[in-house]
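J.: One-letter residues, chain by chain:
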Amino acid sequence: MRQIPHGTSLRTGEAWAIAFTYFTVAITVSLVHSTAGTPTWVIVAATLIVNSATATLAFAAVTAAGGSVAAGVAGGWLTSTRFGVLAAALAPRLWPQRWKRALAAFSAFDPNIALANREEKDEDVRRVYVAMSLWLVLPWWLGASIGALIGDLVSDPKALGMDAMFPALFIAIIRPQLITQNARLIAVSGAVVALGLVEVLQGGLPFLVAALPALLALRNREDRKG
Amino acid sequence: MLTWGVVVVLAVGVYGQRALGMALINPKLMGDRSRQVLAMVPLSILCAVTALQTFSSRGELVLDARVAGIAAASLLAWKRAPMFLIVVVAAAVTAGVRLL
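Sequence lines, in order, name chains A and F. Quick note: the first sequence, position 92, residue 92 per this note's numbering, numbers continuous. To convert a position in the second sequence, counted from 1, into this note's numbering, add 1000.
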């Protein structure tokens, strides 16, 4: 990996935690697809080029529940809209060159954007984003490929508690940001909005609405620590 | 079941959204207030994702073993435990509760 200089908030431990989580979850995602009858090489290709488990799993869920292929694709697109919003949130801190941002867009995920976004200097944002994208995407691809090939070995991912890994990782990433009153308010509001809307709105729409509490950043100009 | 065609269509749509997000923003035209708000968007969305992955399943609110795992993870995160430990303990506690 790249050397992360002192002074940035990124530590090697965080990189390994992300790599481990995405590697493990990728295996289970592949398992879901292979039990749904998807051929091994299609699973590997889906991981590489769609690069979003949210989208492929939503497709699988909709079609498994009897939905049409078109409904499945729509579900997949809808659930991954949050990556576009996250990309937009980080964009002003990334490179001015369009082609570099277009390249960076491919690996817009939750944890690498959240970690990069924590940095104060734009150059650190870019370095952390590139480093974390690699630490996320490479284990993700590796795990998905292994899962597609030997998925049968992990008979029941839920019995191993694997479905708790993503939210746990995200809590660990969120925690250092909760030092201001505004940040805490935004965090709680985002969670409450999503929980309130999950049974009302389809697919990824609750996540889009859950971006709105970020407007609370304007609440008071001096954001006191508390 | 995924097919090659579905994979390509999904990939185009998902990448399109990500690229659109990057392209829509012109850093030179952004004021301080917009930057302040955008800087908080990942926090808000991550909390939403965390909440739904803890308390919901397939579009319905659910209370199950994950809640115990995430409670343990939150406690460790509050004590600033290493991230790796937080993830492993969350999975272990969730698995443990399911065994009961």
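Note that these hints are calculated values from the structure, not bench results. For glycine and all other residues, C-beta sits at the position ideal for the given N, C-alpha and C. Errors might be hidden in some of the hints.
[As the list claims (entries may be wrong)] DSS-like, lysine-lysine: derived pairs with alpha carbons at most 25 Å apart: (1) Lys100/A x Lys121/A; (2) Lys1028/F x Lys100/A; (3) Lys121/A x Lys1028/F.
[Stated by the list, open to error] One side of the interface only, derived from the structure: several residues of chain F facing chain A at Cβ under 7 Å: (4) Leu1002; (5) Gln1017; (6) Arg1018; (7) Leu1020; (8) Gly1031; (9) Met1040; (10) Val1041; (11) Thr1050; (12) Thr1054; (13) Ser1056; (14) Val1062; (15) Ala1071; (16) Ala1073; (17) Ser1074; (18) Pro1082; (19) Thr1094.
J.: Hint by hint, work out which the structure violates, then give me just those numbers in ascending order.
T.: 8, 14 and 15
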